[in-house]
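Undergrad: Fit chain V to the supplied structure of chain W, relying on the hints for placement.
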Amino acid sequence: MADSIDPSQGFARRVLRDTFARTSARIGLAWITLLLLFAVFAPFLANSHPLLISQGGQLSSPLLAHLSPGDVALLGAFLLGVGLAFVSKLSWIKRIALYVIAVLAISITANLFITPPKLTIYEQYREAQKIERYDWVIRAPIPYSPRDYQRDEGDTGLEQPLAAEQRRHWMGTEANGADLFSRMIHASRIALGIGFVATGIAMFIGVIIGGLMGYFSGWVDMVGMRLVEIFEAVPTLFLLLTFVAFFGRSLYIMMVIIGITSWSGYARYIRAEFLRLRQQEYVQAAIACGLPLRSILFRHMLPNGIAPILVAASFGVASAILAEAVLSFLGLGLVDEPSWGQMLNQAVQSSSFYWWMAFFPGGAIFFTVFAYNLMGEALRDAIDPHTHNGG
Amino acid sequence: MLLKVEQLSTHLNTRAKRVKAVEDVSFEIDRGETFCLVGESGSGKSITALSIMQLLPADICSHPSGRILFDHRHDDGRIESVDILQQSESSLQTIRGARIAMIFQEPMTSLNPVFTIGEQITEALQLHRPETSLREARERAIDALRQVQIPSPELKVDEFPHRLSGGQRQRAMIAMAMACEPDLLIADEPTTALDVTVQAEILRLMKELQTKTGAGILLITHDFGVVAQMADRLAVMQHGRIVESGPASQLIRQPQHPYTQKLLASLPENLPKADRKSSKSAKVVVEVQNLEVHFPVKKGLFRRTVDHVRAVDGVDLTVKAGQILALVGESGCGKTTLGRAILRLTEPTGGKVMFEGTDITAMQRRHMQSFRRSMQVVFQDPLSSLNPRLTIATALIEPMQAHGIGADKDERIARAEQLLQQVQLTADSLWRYPHQFSGGQRQRIGIARALSVDPTFIVCDEVTSALDVSVQAEILQLLLELRDERDLALLFITHNIGVVEYLSDEMAVMLDGRIVERGKTADVISSPQADYTKKLLAAVPRVKF
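The listed protein sequences correspond, in order, to chains W and V. Under this note's numbering, the first sequence has 262 at position 262, and the numbering climbs by one with no breaks. Converting from the second sequence to this note's numbering requires adding 1000 to each position, the first position being numbered 1.
Okay, chain W solo, but in the shape it has when bound (with noise of 0.2 angstroms):
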C-alpha cells in the first residue's frame, strides 16, 4: 500500500506538483512561461526608444515615457501575481479575490493617469545618435519597436536575417520594413491573450449548461442540447466579419466570439461525463447522505468529470490560437497589431517563398500549440489518482 497523504495538501496543490514533476510538463510550462515573460516585458525588450539617454548631462528616459496604460497594467499585474503567489499565506480563494480587484485597481488608474505623447517618431533616436547629440544611450536588446518601419533607411522591405551590414535583425525583416523579432515578441501577447480568455469563456459557459444538462437530465437536456445544436451551426467566421463591420476590429470582440462559439463542445464532453457519474455509486452515495447540490455538483461530479475536458482546453486554447492566425490570415485580425498569423500570411507573396516569415511565426505557434497539449496530458493524468502512487 502506498504511503498516506498528507491532509494539509489540497487536492489543486497535489494535481499541480504531480503535473509539473514531468519532464514533458516542465518543458511545456517552460515555452508557456517564457512567452509570458516576453508578453509581460516586452517593451523593455524590443523598443526603438532609447531605455535612458544622457544628453548634455541631463539624463531622460523615452522609453519609460513612451509605455502605454496596457503596458503598465500588464507588468503591475505580474508582479502582483508573483508576490502574492511567494508572499501571501492567504487560503487560496482570498488570494484569487484579492489579485483580481487589485489588478482591476491598477488598470483603472493606468488608464486615467498614464497618457503616452501622441505623436511617436521611432527614427528620431538613431538620427541623433548618427550626428553624435547624446553623450551615450542605453537601449533595449532589440532596438526597434514593432512598429518601427525604418522609413529613415530608404527603400526597406522583407529582408533575410541578418542580411543588412548596418543594422540587425535577427529574425529579418516583414513586408513593410519593421524587425520581425520585435514583432514576434510584441505578438506573443496577443497569441497568450487569445488563447486564455477564448477558451476561458468557452470552458466557463460549457461547464455550467453541460453540467446542468448532464445532471438534471430530462427538459433541461432537452433545451441545452437544442441550445448546443444551434451554436454549433453558427458559422464563426461569418459572426466575427458582421461583428467586424459592425465594432470594428477589437481583439476583444473576436476573444468573445471565439469563446462563446466553441462551448458546445466542452459542454457535450461535460454533459456525457456527467450522465455516466451521476449513476455513479458515489454520487448516489452522496446524493442520499443528504448533501447539498452544491457539492454534489463540484466536490463529486466535476473533480471526476473534468479530465477530458482539460485535454480538450488545451487544444482549445491552441485552436483559438490558430482562430486568430486564420482571420490574420484573411485579413480580418488587428490592423497594425502583430500577431503571428498576420506574418504568416506574409510568408508567400507574389510567387515568392520568403522563408524567416514562415519560419519563426510558424515555429511559434506550433511550440506553443504543443506546450499546451504536453500540459494537458500531464495534467490529465495527475488528475486520474490510479496513475501514481501505485494501485
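Incorrect hints may have been included.
Stated by the list, open to error - Taking lysine-lysine and the DSSO-like style, the derived pairs with C-alpha atoms no more than 30 angstroms apart in a straight line are: (1) K1409(V) x K89(W); (2) K1520(V) x K1535(V); (3) K1534(V) x K1273(V); (4) K94(W) x K1409(V).
Simulated from the structure, these hints should not be mistaken for lab results. Since the model is a prediction, treat every value here as computed from it, not as a measurement.
TA: Structure of chain V alone, referenced to chain W:
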C-alpha cells in the same frame, strides 16, 4: 493422463516489479474427469488456465520452470505427448481451440457483437478443419447449438449475440468450444455472471456433454457450491500455490490445510449462528405500501409513451427496528430498483413509502434532506462506491457537516476515527484515497459512511457479491454486530441464498417486480410455498455430501 502440469511457475513482469502469479503448481487431469481449481481472487487460478492455453502476452510473462504435458491427438489419430511450453506458435494454433477449448466468465464480452452466432462457430470449425464445406460447417454449428439445448437452433444460428439472454450466450460459448470436439475444456468461472437457476442448467449441461464426449474439464471457480456439484478432484490455490489437493468429497469433508478449513468455514451456511436477543422494540421503521416504479418506454418522432417497464409493480413490505429483511431475486427482477425507490433515489410512480409513520413519497426535496439522515445505503461495487478524488476523511466528514453533526472539524474527525474503529479499520486510513484499499476494506468504508449520520435504516444492495468468501464472512459478521449495537433496520438485497439464510430474520422473494413469497427466513427455506421459490432453492448449489 490427458494433461499433466509439473511444477509450473508463471511470473508477470511489469515495468516496476515482478509478480510471481503462479509458483510450483502441479496437477493432472484424466479424460472424462472434472478437475476444479478453487481460490479467492488473486490466487493465480486464472493465470494457471491462461498459461495452459498460452494466452498470456509473451512480452510480460515468463515461465522460469515447469512443464505442461498434453496428449496431443493428431488428425490421423496418432497421440503424442507434447510440452505446451515448448511449442511454436503455429503448432499451438492446432492445439488451441481444436484440442483445448476455453470458455470465459463474461458471456456479454466473449462473443463478438458484429458477427452472428453461426458465423463465429463456423469460423472456428473451418479454421481447424479446412476440408469442411460451408454448408457442412453450418449444419454442424446448428448441431452444436442443439447439443447445448438452445431452443430452435435453426433460427438462433443467424442471430447476433445481443439478441440472446445471458444464459443462452453462455450456451453458445460452450457450443463454440465444443464444436471441434476438444479433449480438454477449460472453463474459467463459467457461471459466475449468471443467475442460480441458469447456473444450475449450465452446470447440468456441462456434465451431460462430458459424459457424451469424454472430455476432461478444468473448472476454475471460487464457489464451493459449484465445486461440490461438479468436481471429481480439486485443488485449492492461495497466493499462486496449491495448498491442498485431492478427491473432492474427501477434501471438502476433511480439509487438512488451515487455509482450506478457513475457506470452508467462511461459507455463509457454515458460519456459526449467534443466538441473538430479540430486538428491544419492534417499532416499524419502514412501511412500503403498494409501491410501483414504472419506466416509460418512448418511441417515435414525438417520443410518445407507448408502454411501461414495470420494474416494481405493487410491492408491500415492512422493516422493523433491529430486523434484517432479505430481498431475494434474480437479475432484472426489480430488487435494486425497489431499494432505490424506498430511498427516493429513483422516484416511485405509485404507492407509498412510510418512514417512521411519515409519508415521504411526495415530500419536497427540502424536507427530504432531513429524512436522508435516517435512511442510508451501501452499494455493491466497492470500486465505484467511493469518490476516487476525496480522502476517506472527507468522505466521512462531509455528510456529518451537511447534517450538523459535531461542532467543529476536530470533533468530526474524532467521530470519523471512531467509525473506522467500529468497522475495524485503523485511524490512519482517514488520510488515504479509496484506491489504496482492497475491495473488502472499501466496503467497510462504505458502511462507515452510511453510519456517519446515525441512520436507523440502511439498504444494503448486494454488498458482498463482489467479495471473496472469507471477506464476505467478515462483512456479514460486522453487519450483524452493528445491527445489534445500534438496533438498525436493514433491507438486505441479494441473490445469494446462503447469505440470506445466515443473516436475515425475514425474507421476501421477488419475481418480475412483484413479491411472490414473504415470511420468516427459516420457514421459507424449509417449506417454500410459491413455485418460483421452490425452483430457486432447488437450484442453489450446496456443499453437502
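Undergrad: Now tell me if each hint is right for this structure.
TA: So, going through the hints one by one against the coordinates:
At roughly 21 angstroms between alpha-carbon atoms, K1409(V) and K89(W) fall within 30 angstroms of each other, so this suggested pair holds. A threshold of 30 angstroms between alpha carbons decides the hint, and for K1520(V) with K1535(V) the separation of about 18 angstroms falls inside it, so the pair holds. For the suggested pair K1534(V) and K1273(V), the alpha carbons sit about 24 angstroms apart, so the restraint of at most 30 angstroms is met. The straight-line distance between the Cα atoms of K94(W) and K1409(V) is roughly 21 angstroms, inside the 30 angstroms bound, and the hint therefore holds.
Hint compliance for this structure: every hint is met.
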